[in-house]
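Trainee: Sequence:
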Amino acid sequence: MNLDKAVVSFAGIMVLLGLVLAQIYSPYWLLLTAFVGLNMLQAGITGFCPAAMIFKKLGIRPGNAFQ
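Just so you know, our numbering puts 197 at position 54 of the sequence shown, and the rest follows in order with no gaps.
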C-alpha cells in the first residue's frame, strides 16, 4: 500500500466511523465527518496533509499525490 491509498483509506474509515458513532451515540459525531471532509478539501487545494506526514513517518512508501 502506498501513501496515497493509505490516506484515502484512512479518510474513508474515519468518515464511516463518524457516521456510525452519530447513529449510535450522538449527532455531534457528525462533526468528525465534517472535519475529515474539510481536511480532504484543504489537502486537495494545498497539498498539505497531516495524515500523510504521519503515515510517511511510519514508513509507508510515497505515492503520486503526497510526497
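Worth flagging that the hints you see were computed from the coordinates, not collected in a lab.
One or more of the hints may lead you astray.
The following label-pair restraints were derived from C-beta to C-beta distances [said to hold, decoys possible]: (1) Lys200 / Ser169: 17 to 23 angstroms; (2) Thr189 / Lys148: 19 to 25 angstroms; (3) Leu159 / Leu184: 17 to 23 angstroms.
All of these numbers come straight from a predicted model, not from anything done at the bench.
Glycine included, C-beta positions come from ideal geometry on N, C-alpha and C.
Trainee: Given a hinted range of 17 to 23 angstroms, is it respected by the beta-carbon distance of Lys200 and Ser169?
Mentor: violated (32 angstroms)
Trainee: So the hint says 17 to 23 angstroms: do the beta-carbon atoms of Leu159 and Leu184 match that?
Mentor: holds (18 angstroms)
Trainee: Quick check: does the Cβ-Cβ distance between Thr189 and Lys148 fall within 19 to 25 angstroms?
Mentor: holds (20 angstroms)
Comparing the model with each numbered hint stated earlier shows that hint 1 is the single one that does not hold.
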